[in-house]
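Asker: Sequences are here, hints too, so could you generate the full structure?
In the order they appear, the protein sequences are chains A and B.
Position one of the first sequence corresponds to residue 57 (my numbering), numbered consecutively onward.
Position one of the second sequence corresponds to residue 65 (my numbering), numbered consecutively onward.
Hints listed in this document are in silico derivations from the structure and should not be mistaken for laboratory results.
Just so you know, not all the hints are guaranteed correct.
Claimed, not checked - Think about it this way: if two alpha-carbon atoms lie no more than 16 Å apart in a straight line, the pair counts; the simulated EDC-like pairs of lysine to aspartate or glutamate are:
(1) A/Lys499 x A/Asp425
(2) A/Lys371 x B/Asp245
(3) A/Lys166 x A/Glu188
(4) A/Lys218 x B/Asp195
(5) A/Lys99 x A/Asp308
(6) A/Lys225 x A/Asp387
(7) A/Lys133 x B/Asp204
(8) B/Lys233 x A/Asp431
(9) B/Lys223 x B/Asp133
(10) A/Lys218 x B/Asp243
(11) A/Lys133 x A/Asp387
(12) A/Lys133 x A/Glu505
(13) A/Lys483 x A/Asp461
(14) B/Lys223 x A/Asp431
(15) A/Lys371 x B/Asp204
(16) A/Lys166 x A/Asp181
(17) A/Lys88 x A/Glu568
(18) A/Lys300 x A/Asp535
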Amino acid sequence: MPAKFDLNDSSVVVIIGSGAGGGTLANELAQKGVSSVVLEAGKRIEITDFQNDEDAMFGLFTWLDPRTTSGSWYVAKTSPDLPAWICKLVGGTTVHWGACALRFQEHEFKVRTRYGAIAGANLLDWPIDLKEMDPYYDRAELKMGVTGTHGIPRLPVSNHGKVLFAGAKKMGYTQFMTTNMAINSVPRDGRASCQQTGFCVQGCTFGAKWSTLYTEIPKAEATGKTEVRPESQVLHIEHDKSGKVTGVVYADRTGAMQRQKARVVAVAGNAIESPRLLLNSSSSMFPQGLANSSGQVGKNYMRHMTSTVFAIFDKPVHMYRGTAQSGIVMDEARLDTKRGFVGGYQMELLPQGLPSFAQNIVPNAWGRDRASIVDSYVNIAGVWLIGEDLPRDTNRITLHPSRKDQYGLPIPNVHSDDHPNDLAMQKHAFAQADALYKSIGAKRTVHHEAFPSTHNMGTCRMSEKPQDGVVNRWGQSHDVKNLFVSDGSQFASSGGENPTLTIVALAIRQAEHISGQMAKGAV
Amino acid sequence: MKLLNWTQRFSRRGFLSGSAATIAAVTATGGNVLAQEFTTPQPGSLKSEEVRTLVVFARDLFPHDRLDDSFYERAVKPLEAEAAKDGYTRQSLAFGIEWLNGTATRMAGAPYAEVTDEQKRVAVVTRLREDQSAPARFFDKIYSTTIVSLYNQPEVWPKFGYEGPSSNKGGYINRGFNDLDWL
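Answerer: Here it is in structure tokens:
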């Protein structure tokens with residue numbers, strides 16, 4: 057049974073957000089007997105609300121509250137008021153995620169040491185390493201049922217994957233396979249196996265894809281230790297004279313202000329809203345914003361080098377059939393500075409249904425040339441090139457100086473300028489993907505520089521030294537001991553991998569720390 | 065070249081509410097005196113020749129020989145519906161159509177929809193995109209609306225070989241997700 061806590065109950069952990077970080081943290085704490093109130097800004101829907109309809113699900117899932125953009129990045133031109141494509145509902149972005157569940161590589165935790173100092177970048181080693189993370193990656197993979205790990209069979213190869221792999225083979229690549237996916241290849245954990253619907257991003261109607269909406273959250277509720285309050289948007293985190301946080305103020309579904317007291321607060325609102333909330337929680341004691349004595353809150357925003365190549369063949373591919381993102385080439389993910397950049401990138405399948413494809417290909421173009429691409433829809437294959445982008449002081453989330461949201465709070469601005477390393481990687485990736493598809497007879501390739509960011513990281517980063525970041529090795533604020541950050545904001549580097557598995561692994565690890573600290577009375 | 069907003073392209077809802085609000089806000093900034101001097105434009109049905117112009121224009125933006133006019137007629141329905149409800153939309157559409165017809169008459173000797181040479185209509189649209197005094201919002205409006213309402217028609221999908229919703233048919237697990245045999 058879901059718990060019900062009093063607003064004045066100051067013994068609970070308040071978790072802000074219910075996605076990969078918040079939803080996982082709630083369940084991990086609940087399994088250890090720790091009570092929590094999960095405040096989720098979005099609505100609660102169920103699997104039965106999912107439809108195979110790209111436009112309708114975009115409207116139902118997406119965080120569409122106002123945001124602004126600045127900087128040289130492509131998204132600021134093509135999508136100035138939607139910098140990120142992330143979700144606002146119970147389950148957060150795990151409702152629409154593609155479910156690629158990859159571990160970071162060893163060197164990606166130690167970028168400052170391995171890459172050296174790079175001008176215009178703000179590189180920092182994580183205070184933890186892969187060896188320390190491995191057991192938590194194991195637990196995350198088992199929790200999520202990641203294919204290709206722990207004896208869980210991989211998903212079968214789709215048409216779209218066959219095309220990618222044939223090209224990879226011609227290129228001399230050797231590391232290609234159906235991806236490690238948090239999608240059941242066989243029935244598992246009370247959920248069905250993948251039926252190859254192709255609508256992973258619109259919400260998995262079979263529940264084969266792991267999402268906190270129907271895994272972690274109901275499991276947490278079943279313990280009687282967790283209360284989830286949907287349509288509850290936290291506006292402010294409060295603290296006492298000693299500088300410890302004491303609770304949060306949130307707007308409930310009616311718009312009324314509520315104050316939930318807390319012993320511990322964990323922020324997991326994704327890498328735009330989490331720093332925004334800390335900045336909006338400034339006070340006379342913390343004039344730069346909560347947990348921000350370093351001035352690092354909001355800085356080092358990372359979003360991956362993220363570009364797409366669509367290839368047109370003269371024979372059918374039907375890219376929309378089957379598990380959307382299950383197909384990967386990993387050969388370019390290595391660290392090899394001979395290519396002219398540090399870091400690496402993955403090549404992952406990226407199909408789109410006809411409506412999305414036709415709406416998004418070649419933004420703003422019109423006429424015969426554009427239409428000829430759409431005419432070839434059935435013969436098109438697509439690959440997403442996602443790689444490590446570098447943290448920069450100036451790529452950051454700030455509070456807008458004048459624009460306010462529906463609650464009267466400053467909206468976030470997302471500033472990003474591509475680092476030369478990001479652009480060098482992008483150029484390489486475009487050339488490799490072009491060559492891959494042309495090696496098997498593609499007639500034409502079409503480049504897409506970037507969709508609104510689905511991977512958002514780094515804005516409250518982990519650091520060994522308090523002056524370099526916002527949180528310590530446990531995601532615990534350097535400044536405020538009972539305040540935690542539990543999402544991708546913690547990342548000190550972006551890696552060349554999709555971030556969710558690492559967010560989940562960190563949340564499992566963080567839950568151990570929080571419950572231990574609570575048992576000791578340290579928080 | 066002016067760039068459109070991704071949200072607006074993707075979500076028709078967002079576009080419709082946003083555009084009406086923006087026009088209203090621009091009017092409001094004129095202050096009370098101005099607001100009183102201008103009469104609010106009346107909503108109403110578009111004339112059939114106006115609809116025809118929009119249909120031809122939508123086809124020129126997204127020209128697919130495999131689609132007959134009925135698909136483009138359905139694609140402009142949301143514009144007609146909005147004009148019938150909102151006077152500002154009605155007015156801005158009429159203004160844009162007038163611009164198209166005036167420019168087409170100067171450049172090709174006939175109103176836009178009556179110019180039979182596609183290349184000449186394309187030249188008019190190019191002018192609409194490049195001329196600083198042209199009604200850019202008109203282009204944005206038609207583009208943002210019809211790129212959604214054209215390609216979101218389930219009847220359009222089979223014309224491009226797209227099979228649409230699959231969950232109700234059990235996905236593609238037994239319906240060809242791995243039937244590719246030409247490699």
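Asker: All hints are to be evaluated individually against the structure, with a verdict given for each.
Answerer: Each hint, compared with the structure:
1. A/Lys499 x A/Asp425: Roughly 14 Å separates the two Cα atoms, so the pair holds.
2. A/Lys371 x B/Asp245: holds, 10 Å
3. A/Lys166 x A/Glu188: holds, 13 Å
4. A/Lys218 x B/Asp195: violated, 47 Å
5. A/Lys99 x A/Asp308: Holds. A/Lys99 to A/Asp308 sits at ~11 Å (cutoff 16 Å).
6. A/Lys225 x A/Asp387: holds, 11 Å
7. A/Lys133 x B/Asp204: Given pair A/Lys133, B/Asp204 holds - Cα atoms ~15 Å apart, limit 16 Å.
8. B/Lys233 x A/Asp431: violated, 25 Å
9. B/Lys223 x B/Asp133: Roughly 13 Å between the alpha carbons, so the hint for B/Lys223 and B/Asp133 holds.
10. A/Lys218 x B/Asp243: Status holds; Cα separation ~10 Å.
11. A/Lys133 x A/Asp387: Violated, because 32 Å separates the two Cα atoms, which is more than 16 Å.
12. A/Lys133 x A/Glu505: holds, 11 Å
13. A/Lys483 x A/Asp461: violated, 38 Å
14. B/Lys223 x A/Asp431: The hint holds at about 9 Å.
15. A/Lys371 x B/Asp204: violated, 34 Å
16. A/Lys166 x A/Asp181: Distance ~4 Å between A/Lys166 and A/Asp181 Cα, so the pair holds.
17. A/Lys88 x A/Glu568: Between A/Lys88 and A/Glu568 the Cα gap is close to 8 Å, so the pair holds against 16 Å.
18. A/Lys300 x A/Asp535: At roughly 9 Å apart (the allowed maximum being 16 Å), A/Asp535 and A/Lys300 satisfy the hint.
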